[in-house]
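Given chain A, work out where chain B should sit, using these hints.
So the protein sequences, as listed, match chains A and B.
Position one of the first sequence corresponds to residue 278 (this note's numbering), numbered consecutively onward.
Position one of the second sequence corresponds to residue -7 (this note's numbering), numbered consecutively onward.
Every clue listed holds true.
Under the rule of at most 30 Å between Cα atoms (straight-line distance), these lysine-lysine pairs were calculated in the DSSO-like manner:
| hint | chain 1 | residue 1 | chain 2 | residue 2 |
| --- | --- | --- | --- | --- |
| 1 | B | K90 | A | K396 |
| 2 | B | K44 | A | K314 |
| 3 | A | K396 | B | K82 |
| 4 | B | K23 | A | K314 |
| 5 | B | K108 | B | K90 |
| 6 | B | K107 | B | K90 |
| 7 | B | K20 | A | K314 |
| 8 | A | K380 | B | K107 |
| 9 | A | K380 | A | K314 |
| 10 | A | K380 | B | K108 |
| 11 | B | K20 | A | K380 |
| 12 | B | K20 | B | K1 |
| 13 | A | K412 | B | K90 |
DEER-style ranges, computed between Cβ atoms:
| hint | chain 1 | residue 1 | chain 2 | residue 2 | range |
| --- | --- | --- | --- | --- | --- |
| 14 | B | K107 | A | E404 | 56 to 62 Å |
| 15 | B | D(-2) | A | F401 | 41 to 47 Å |
| 16 | B | K1 | A | D338 | 38 to 44 Å |
| 17 | A | V303 | B | D45 | 17 to 23 Å |
| 18 | B | E2 | A | E404 | 52 to 58 Å |
| 19 | B | D45 | A | P382 | 23 to 29 Å |
| 20 | B | G109 | A | E291 | 43 to 49 Å |
| 21 | B | D100 | A | D284 | 47 to 53 Å |
| 22 | A | D308 | B | D47 | 21 to 27 Å |
Hints were generated in silico from the structure; no laboratory data involved.
Yeah, the Cβ is synthetic: ideal placement off N, Cα and C, and Gly gets one too.
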Amino acid sequence: MDVGVTDKIIIASEINELPIIREFIVSHIADAKLNEKERANVEFSVIEAVMNAIVHGNEYDRGKKIEVTYSGYPDRIEIKVKDSGAGFDPSKLPDPREPESLKAPSGRGVFFMRQMMSKVEFEFSPEGATVILTKML
Amino acid sequence: MDLMIDVKKEKGYTLISVNGEIDLYNAKELKDRVGYVCDDSPDGGDLIIDFKDVDYIDSTGLGIMIGIKRRIAESNGGLVLVLHSDRINKLFDITGLKNIFTITRSVDDAVAALKKG
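Isolated chain A (complex conformation) (with noise of 0.2 Å):
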């Protein structure tokens, strides 16, 4: 059975709300068992999908709220962000490294939280959309 701890903010929609984010998700990972590199890419990779949450799932609309759950337990670290938008088909994002996506100015948020964490799941329902991230210790 998983131990945890848990823990969870709400942001408003914009994006001078994101250094509140990263202070949260530092405090947090500071004692996980993960090196500087591993500690930047998670840090990264939730930046990566608040922004996403801000800018496509909320559209800076600052009356929808953004939550970020953080769970930790013995194995892995677990993020959860969560928006009020329709979501979307995660296996029709192109691969930014391919030729005709490759001069894109978007579309790598995705692709770099797949590069950095172990896990990336989506979850849609009428509520909202859920991108969870984990990180394996």
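Quick look at chain B alone, frame taken from chain A:
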């Protein structure tokens, strides 16, 4: 998340030194500053962007760099990025962006790359 941008006209090129973080919060500031430089050199000028003390760039920042590259190319200028940080080099590497940008580790190498064309 502060960003400091210093623009210096050198003989044959403009050197833009960037300190801080390039992210969703401030990437547009860099884009605007480069836009002013391009407006001042409508006949095409070469540009070196030195990520001197940049320790963080996110996907928005990378997108802005692609826009800057396009803008410079439109004015027939050359662009070289000086990336000091291993981590930032890695981001350009894993996204394949190292294949579309000229990247060096020092300003001297960037000047040499511009001369080579």
